[in-house]
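**Q** The lines below spell out each chain.
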Amino acid sequence: MKRIYLDYAATTPVHPDVAAAMQPYFSEKFGNPSSLHSFGQEARRAVEKAREDVAALIGALPEEIIFTSGGTEANNFALNGVAYANEKKGNKIITTAIEHHAILEPCHFLKTRGFEITCLPVDKFGLIDPELVWHSITEKTILVSVMHANNEIGTVEPIAEIGARVKRQGAGKISFHTDAVQTVGMLPIDVNKLGVDLLSMSAHKLYGPKGVGALYVRKGTRLNPFLRGGGQERNRRASTENVPGIVGFGQACVMAAQRLASDDNRIKLLRDRLLAGIMKNIPDVVLNGHPNLRLDKNLNISVKYVEGEALLLNLDFEGIAVSTGSACSSGTLDPSHVLLAIGLPHELAHGSIRFTLGHWTTAEEIDRVIAVFPKIVEKLRQMSPLKK
Amino acid sequence: MKRIYLDYAATTPVHPDVAAAMQPYFSEKFGNPSSLHSFGQEARRAVEKAREDVAALIGALPEEIIFTSGGTEANNFALNGVAYANEKKGNKIITTAIEHHAILEPCHFLKTRGFEITCLPVDKFGLIDPELVWHSITEKTILVSVMHANNEIGTVEPIAEIGARVKRQGAGKISFHTDAVQTVGMLPIDVNKLGVDLLSMSAHKLYGPKGVGALYVRKGTRLNPFLRGGGQERNRRASTENVPGIVGFGQACVMAAQRLASDDNRIKLLRDRLLAGIMKNIPDVVLNGHPNLRLDKNLNISVKYVEGEALLLNLDFEGIAVSTGSACSSGTLDPSHVLLAIGLPHELAHGSIRFTLGHWTTAEEIDRVIAVFPKIVEKLRQMSPLKK
Amino acid sequence: MAGSYSDKVMDHFRNPRNVGEIPDADGIGQVGNPVCGDIMKVYIKVKDNIITDIKFKTFGCGAAIATSSMATELIKGKTIEEALKLTNRAVADALDGLPPVKMHCSVLAEDAIKSAIDDYLKKSTGVGLQGWTTHNEEHGH
Amino acid sequence: MAGSYSDKVMDHFRNPRNVGEIPDADGIGQVGNPVCGDIMKVYIKVKDNIITDIKFKTFGCGAAIATSSMATELIKGKTIEEALKLTNRAVADALDGLPPVKMHCSVLAEDAIKSAIDDYLKKSTGVGLQGWTTHNEEHGH
Ligand SMILES: Cc1ncc(COP(=O)(O)O)c(C=O)c1O
Ligand SMILES: Cc1ncc(COP(=O)(O)O)c(C=O)c1O
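Chains as they are written, first to last, in this note's numbering: chain A, 678 to 1065; chain B, 678 to 1065; chain C, 326 to 466; chain D, 326 to 466.
The reader is advised that the hints may include incorrect statements.
[To be verified] Here are the simulated EDC-like pairs of lysine to aspartate or glutamate, each with C-alpha atoms no more than 20 Å apart in a straight line:
1. B:K679 / A:D694
2. A:K1056 / C:E406
3. B:K1052 / D:D336
[Unchecked claim] Facing chain A, according to a computed beta carbon distance under 7 Å, are these residues of chain C, among others:
4. V344
5. K382
6. C386
7. W457
Treat the hints as calculated values from the structure; they're not laboratory data.
Keep in mind the model is a prediction, meaning the values are calculated, not measured.
Glycine residues also receive a C-beta, built at the ideal position from the N, C-alpha and C atoms.
Between the sequences and the hints, there should be enough to build the whole structure, so can you do that?
**A** Here you go:
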């Protein structure tokens, strides 16, 4: 059975061209970029080339890119780094209820260290109201962090609008961060148009390797180091650089820029076809997230009367890989905080399924899902005490 | 010109067998280990297999291994994690003057957060006196961190002796950490014989990939998370696992265990040949570090009247890659804190050169260095105002 | 995590035994709630103190369905007294174990069965199970 | 970092010009110290106010040797006044720049030359350079 991967928001395969770019840096050009000799310097050049490629994708300067071990480190770095660098100026951090755990958990930690966290609500589509950000800012606010697009429901937030307001209100005093892990390489991004001071990325979401990411830091932004040690990344992020990973990230960014320039809407059309096919064949299904202001690749639905993990496992029996916002994927009993934040009742939150499409998704795959999914839903509904 | 790599302590090439083991996990078995579907589960199995292999190399249980992005993160994690988890019990941390920056810098940070750092001196060989550790422990001590072997001078510390004393004095109250980045895979390690509660490792020092490492954490050790976010690594270290990197690390550990079992002293013999050749041909050279209690691969010398970077660059012209403890490698003006800690005058510290041998080092390479090095030293000495 | 489900769990999840309703059931028990994401409803038919038939309907994850299936299998044909001895551990063991985060599902299955027996006893004797309430508080939120 | 040395720096480091001593020098200057890891010693020969010969000896890194070489090249054949106008920036620029952490080497080279001229002036006129001390304090530790 040919397996069908529809979980591109969880991670993506490394593109073969990316893998090829990385290949020489494992066993041949293996030097440590901090080494002064030729082995070190050829690694150094590769890292700096990748830095340019990553910067170019988001309209940044190369020296504004700090490589990290992924999106989580970029987020932890941004939050801790800005908080500690500005603690004399203020202690208030504004964020939202639908952020990734890699934002919420560091915020939770900072709360135990004397910082105050304001967690803004969202509307039923998962949208943040820029007015609300604006009104939440006080004299003590040092940082605003709002994600660019949500990883579960795909809603794209009005970052540029928020950025403009934060700047007007707190120019030079408040740093504005966005977690763009889900959007880098998917949406055109220009850090200046977005008005952000910091932006988090992770290579494995855009056909690059796992274990590498970056934090964009606008020149002049006060930021303390997070990983401390040797003087790598201009003393901002210690540890021997993951050279092959960084090279792969750079190559992934070059390729993403090409895709974005081509203005291809193939993935969106497939996603819409999947949505239409499901809605036509299965009653009592609701769409989660915004109908239009969402990532092209993302489809998140709740299937009434059934539970998400049970759906997921049955799809997996058919070779179809998806994700769920039900408790069961997270190791806790609570369903996704994002689905609860958009006001979904627990029952529906437990019945959510996320399909995320990508580069290798085909129409045949989508049609197979459209054919298979109703039977699975039907089987589980027959088992459900909720379905009358 | 065939280049000669003698900087294995800075980083190692990925062994071709390690690269081969990693290969399928980039583009084929690319799943996110947190995903419940088959793609995720095959990645999960690979990570757990690697965890067993890493644990086996150091006599630990698989669940005592937490994967990180490298040695620096493992060190930052250990120090911050133990400090914050025990701050109600005490605030004193004991470490040594010759630790890697990835220990000293986080200590420096913790000092700004109310912790007290005791930095123990070493003798002229770089050895820590276990008595001194013992006497430095107070009621408030929560953590002792002493490196297993020094990365610059190669001196191997009496960790087991220190461990036994820390346990006797502070059983259950004081955590004992060792930075074993330079020794894992080089020396036989058994965490129980060493008596350590935490131990840092980095794959790229033992023919594994850059950007992956691990922290061993003895069951029952109180440790706060450092990277916060999703529930990966049993809620102890968030971020999508670097699956190919982890697989490579596991394979590197399997191979290291085989090498250690073979009891091969080829590298030590080559190192001794290099030392003898240099001493014979060049006057006014001193050996840094302990004559016997040192890593087999490490040779660190100071060449009087000349400066290390100048030596390094001239060796590089000959295709020979080494390292120096002179200021110039670090971006500061100070020479290595390690060389100063063993009491070397600045002048000699600035003239240090480190050769570190490895798997692919040959006798021919060593002989070439023995032939070339005296000429380089002579050329620079003729230029030196210090040499009369 | 589902990834650590045993083959037995997967078998019972994929081909659950005793799914359905019993229109003229002698006892019906329902436990769990949508907040937790698990609801189990158990129907029993009792004759001469023996559980002659049993069916369930479950809204829940893989473990919830598998434990419902296994628990009903284990007590089918047993006396009421034997059925009351069924512990959540026994259900989990019969499934070759459950991931720690899923143990609550086995508790729910035990409760669902006790609840159905309680209902049967109330209906047949006017007195329900003594000293028993569901674990809802414990495994709930 | 050496990795960011320009080709010109590498050329002057690899083939330094004017290395050596002048036994009957008219002026000798030495600056730097072993703590910093850089010591430069400059010898000049002066005739009719013109620096007719210049040699140096340097203990130091690649940049220290390259700046010594370049600085001596730049003032060879120049008048004392012209030589005094040499700034560390000019040395660095002539080398197509230096990495930021290495700029102190160019300062040292400027100082070494001034120090040699100071010595020459003291010996020949009894009065040294006015209003001048080495930057030692600044670029030192
Ligand atoms: C929005 C968002 N932020 C952060 C992360 C964390 O990235 P990583 O797993 O690379 O650390 C993810 C993905 O897991 C994400 O989707
Ligand atoms: C002793 C020691 N500790 C820590 C590190 C840091 O490891 P990494 O560069 O993998 O973060 C190194 C090597 O750089 C080391 O030699």
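**Q** Would you mind marking each hint as holding or not holding in the structure?
**A** Hints, one by one, checked against the model:
no.	hint	verdict
1	B:K679 / A:D694	29 Å, violated
2	A:K1056 / C:E406	33 Å, violated
3	B:K1052 / D:D336	19 Å, holds
4	V344	5 Å, holds
5	K382	4 Å, holds
6	C386	4 Å, holds
7	W457	21 Å, violated
Of the numbered hints listed earlier, those contradicted by the structure are 1, 2, 7.
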